[in-house]
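**Student:** Listed below are the residues making up each chain.
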Amino acid sequence: MTCCTSAAGIALTVASDINKDGEILLASRIVGDGLRQTDLSVPSIHCGACILAVETALGALPGVEAARVNLSTKRATIRWRDGAPPPFIETLRQAGYEAHVYDAGADVTDKTFGELIRALAVAGFAASNIMLLSVSVWSGADDATRDLFHTISAVIALPTLAYSGRVFFRSAWQALRHGRTNMDVPISIGVLLAFGLSLYETATHGPHAYFDASVTLLFFLLIGRTLDHLMREKARTAVNGLANLVARGALVLQPDGSRVYTPVNEITAGMTVLLAAGERVPVDADVVSGQSDIDSALLTGESAPVPAAPGTRLQAGVLNLTGPLTLVATATARDSTLADLVRLMEAAESGRSAYRRIADRASQLYAPAVHATAFLTFIGWMIATGDLHRAITIAIAVLIITCPCALGLAVPMVQVMAARRLFESGILLKDGGALERLAEIDTVVFDKTGTLTAGVPRLAAPDAINATTLSLAAAIAAHSRHPYSRAIEAASTGKVAPHLMPETVTEHPGCGLEAKVGAHLYRLGRASWALAAQDETHDEGLVLARDGALLTRFEFEDKLRGGAHEALATLKTNFDIEILSGDHDAAVNQIAGELGLRYRAGTMPAGKVARIESIEASSHKVLMVGDGLNDAPALAAAHASMAPATAADIGRNAADLVFLHESLEAVPQAIGIAKTAAQLVRQNLALAVGYNIIAVPIAILGYITPLVAAIAMSSSSVIVIANALRLRARRTPGKRARPAVSRHPLNVTEEPA
Amino acid sequence: MADFLYLVPIALLLGLAGLGAFMWALGNGQYEDLSGAAERIFLDDKDVPL
Numbered sequence: 000m001t002c003c004t005s006a007a008g009i010a011l012t013v014a015s016d017i018n019k020d021g022e023i024l025l026a027s028r029i030v031g032d033g034l035r036q037t038d039l040s041v042p043s044i045h046c047g048a049c050i051l052a053v054e055t056a057l058g059a060l061p062g063v064e065a066a067r068v069n070l071s072t073k074r075a076t077i078r079w080r081d082g083a084p085p086p087f088i089e090t091l092r093q094a095g096y097e098a099h100v101y102d103a104g105a106d107v108t109d110k111t112f113g114e115l116i117r118a119l120a121v122a123g124f125a126a127s128n129i130m131l132l133s134v135s136v137w138s139g140a141d142d143a144t145r146d147l148f149h150t151i152s153a154v155i156a157l158p159t160l161a162y163s164g165r166v167f168f169r170s171a172w173q174a175l176r177h178g179r180t181n182m183d184v185p186i187s188i189g190v191l192l193a194f195g196l197s198l199y200e201t202a203t204h205g206p207h208a209y210f211d212a213s214v215t216l217l218f219f220l221l222i223g224r225t226l227d228h229l230m231r232e233k234a235r236t237a238v239n240g241l242a243n244l245v246a247r248g249a250l251v252l253q254p255d256g257s258r259v260y261t262p263v264n265e266i267t268a269g270m271t272v273l274l275a276a277g278e279r280v281p282v283d284a285d286v287v288s289g290q291s292d293i294d295s296a297l298l299t300g301e302s303a304p305v306p307a308a309p310g311t312r313l314q315a316g317v318l319n320l321t322g323p324l325t326l327v328a329t330a331t332a333r334d335s336t337l338a339d340l341v342r343l344m345e346a347a348e349s350g351r352s353a354y355r356r357i358a359d360r361a362s363q364l365y366a367p368a369v370h371a372t373a374f375l376t377f378i379g380w381m382i383a384t385g386d387l388h389r390a391i392t393i394a395i396a397v398l399i400i401t402c403p404c405a406l407g408l409a410v411p412m413v414q415v416m417a418a419r420r421l422f423e424s425g426i427l428l429k430d431g432g433a434l435e436r437l438a439e440i441d442t443v444v445f446d447k448t449g450t451l452t453a454g455v456p457r458l459a460a461p462d463a464i465n466a467t468t469l470s471l472a473a474a475i476a477a478h479s480r481h482p483y484s485r486a487i488e489a490a491s492t493g494k495v496a497p498h499l500m501p502e503t504v505t506e507h508p509g510c511g512l513e514a515k516v517g518a519h520l521y522r523l524g525r526a527s528w529a530l531a532a533q534d535e536t537h538d539e540g541l542v543l544a545r546d547g548a549l550l551t552r553f554e555f556e557d558k559l560r561g562g563a564h565e566a567l568a569t570l571k572t573n574f575d576i577e578i579l580s581g582d583h584d585a586a587v588n589q590i591a592g593e594l595g596l597r598y599r600a601g602t603m604p605a606g607k608v609a610r611i612e613s614i615e616a617s618s619h620k621v622l623m624v625g626d627g628l629n630d631a632p633a634l635a636a637a638h639a640s641m642a643p644a645t646a647a648d649i650g651r652n653a654a655d656l657v658f659l660h661e662s663l664e665a666v667p668q669a670i671g672i673a674k675t676a677a678q679l680v681r682q683n684l685a686l687a688v689g690y691n692i693i694a695v696p697i698a699i700l701g702y703i704t705p706l707v708a709a710i711a712m713s714s715s716s717v718i719v720i721a722n723a724l725r726l727r728a729r730r731t732p733g734k735r736a737r738p739a740v741s742r743h744p745l746n747v748t749e750e751p752a
Numbered sequence: 000m001a002d003f004l005y006l007v008p009i010a011l012l013l014g015l016a017g018l019g020a021f022m023w024a025l026g027n028g029q030y031e032d033l034s035g036a037a038e039r040i041f042l043d044d045k046d047v048p049l
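Just so you know, the sequences run in chain order F and R.
For the first sequence, numbering that gives the first Met the number 0 puts the final residue at 752, and the numbers step up evenly by one.
For the second sequence, numbering that gives the first Met the number 0 puts the final residue at 49, and the numbers step up evenly by one.
Source of the hints: derived by calculation from the structure; they are not laboratory data.
For every residue, glycine included, the Cβ atom is placed at its ideal position computed from N, Cα and C.
DEER-style ranges, computed between Cβ atoms: (1) R:Phe41 to F:Arg92: 19 to 27 angstroms; (2) R:Phe41 to F:Ser613: 54 to 62 angstroms; (3) F:Asp359 to R:Leu6: 42 to 50 angstroms; (4) F:Leu724 to R:Pro8: 32 to 40 angstroms; (5) F:Gly592 to R:Gln29: 49 to 57 angstroms.
Some chain F residues judged to face chain R by a derived CB distance under 7 angstroms, without partners named: (6) Gly47; (7) Ile50; (8) Leu51; (9) Ser71; (10) Ala120; (11) Asn128.
So here's chain R without its partners, still in its complex pose:
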């Protein structure tokens, strides 16, 4: 029954990690050009956003 003492923090941390990843992606411009991203996987060159 005391399992939740570490399970709850783990669940929260995982959730926070997901939230953090989303926030990073948003700020990094990963959502700026969705149709472009779909096409760019076919390009061989290195791909660095401006």
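Next comes chain F alone, as it looks inside the complex:
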């Protein structure tokens, strides 16, 4: 009884034209000098020519002061003079780029990362210069020269510790103040004591100073810390993403008959909302007038849109496809369906935050051990010799030697390499912890619509349809953006004969398209509407009718994603697989049968979460692969999660990994890389521990000179880095030739040999 199918990808790209002014104004910010700044997300920018085209198109608009494209983030930043916003989105569409408003407030620039990079640069500068001076001392500079070099080293080291060391001191102080200890405490103590002792040595003309050790230590640790930060989870914006799905506002009809663009959280129950085709329903509402089709694929996973007529109840977030509607709000944004999803998601996410990363677990064991060893060494030497200076020197040497340079690099280095490998295969990784979780999974749960299937309807058996008829249907369909119309257009190859060119085409929302060709009236749409003779038995798909007589039927199918068979064949050997879909039983059954999988159909978002929780309760770890808004809570609840790039924003945000290629083979590939990475992490941790087993006794016995400390520290770090680099050369098992076609503009290269 429905006449169109849609999927997340399509639904999201259908942007509305009207009301954009209000939205742009709401999303812009004032930057001074009477200027406003707007950020647009333009996902299709991918080359230098695009940069030029977008910047030229935007720059030519009156009122635009400057426009700049960021190719890495695929965003355009526009500065414009205060007043009515120029038609940015319309202009870009004419230039061939789909754009939508990007809320700059949503991602604050990563301040910590900038601070780490600066601290790293300073530490690098200081470490190299002090090392240069130290090498001269080791190779025999003595007396006044040595003292001078030590003094210069001290002058360089002091500001460096103050600037670059803050990262560690702050965190150590935080821990101590709360009566805890963490990895940063022995680091801070070691670095500061080494510096203090070296100052004393310099003042008393001693032969050994440890400035190089304390600054090089900072340098290596900062490398590890920076990489680690890179792999840390970005503040999860999944929940914020929901807000972007709802329109920022809607056109509200005032009692006096005027129309005001009102922010969504000011819309209350009882207000009359005018909704154009292509817009999302802002709050739960009832239709009072108008006819249209509603795409609720993102909310329910249902693959086929439903018609809307006066009396239909609409949920916030569903997409109005074909005709304008007048709605009466029945709830505020806070009480709408979408808000329930937000709560479901927050609950699911808080459940997963209990996972502790392997590096954190290692450091919790490590810090007390380091403290104890250094302290016992100090006590031991005090008892044995009674020489305070000597005991302190050796205890500091122990602290420096045990400082977790290698440990700090062991995990993030592997994860950065793995993220690169994944990226080369067209898979984006959110955070390093996800990689660890992905390596642990033993069950894979797939969503159907848009995940196992491509999510875009295709014309079934186009060859069976007369080419002339098909091209005529395509010419009519070109006037609509309904997914079925697009499918017909895409399937047609021939040109329509001039005498068959439709003269006028009108769209009847919820029914189909009507076209006049010569004396004939053609209708493309729902059978019950297009055909004069009622045919209740067959209401699936579309028909093309001439003056009420059937010309042809169009059947549509949702094809399996490329590589689905291969990917599942690989996965089946090692994992338990299940389909969890919100679609109707019949639709899921067909796909599940074809792939030979277990399935559950008609599952609501809360049901999906419950199912995943019940699997995990029986001590299994689940990888959830899904795309829709209805999958988002499940994605957040699962041990690890993946989403295709065509997924709804919210799905992509909730997932740990996003794959850009159409092929489902990304799933076994990602699991393979994660497992290899987990193995390398374990090796690296073993190497770091092994290094300590050798070096610590030497330090405790008092044989560590600054030279030995520098060599030991650097070599252990270099070995760990070298081991991580092996990930580049390895090939994941079960990897096959990549599908030839990549629809994504990203240049994903073949595996390096």
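With the hints as your guide, set chain R onto chain F.
**Tutor:** For chain R alone, kept in the frame of chain F given last:
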């Protein structure tokens, strides 16, 4: 042997200059869009970051 009296300051100054240049580039947004920078060399127009 007294050469290092001016060689060491020169080495330090050169290092500081490099550090300063890096800090400037970082603050100036030169690292914001690396793939964009690679493409922009093909564009003839004057190029001013926002």
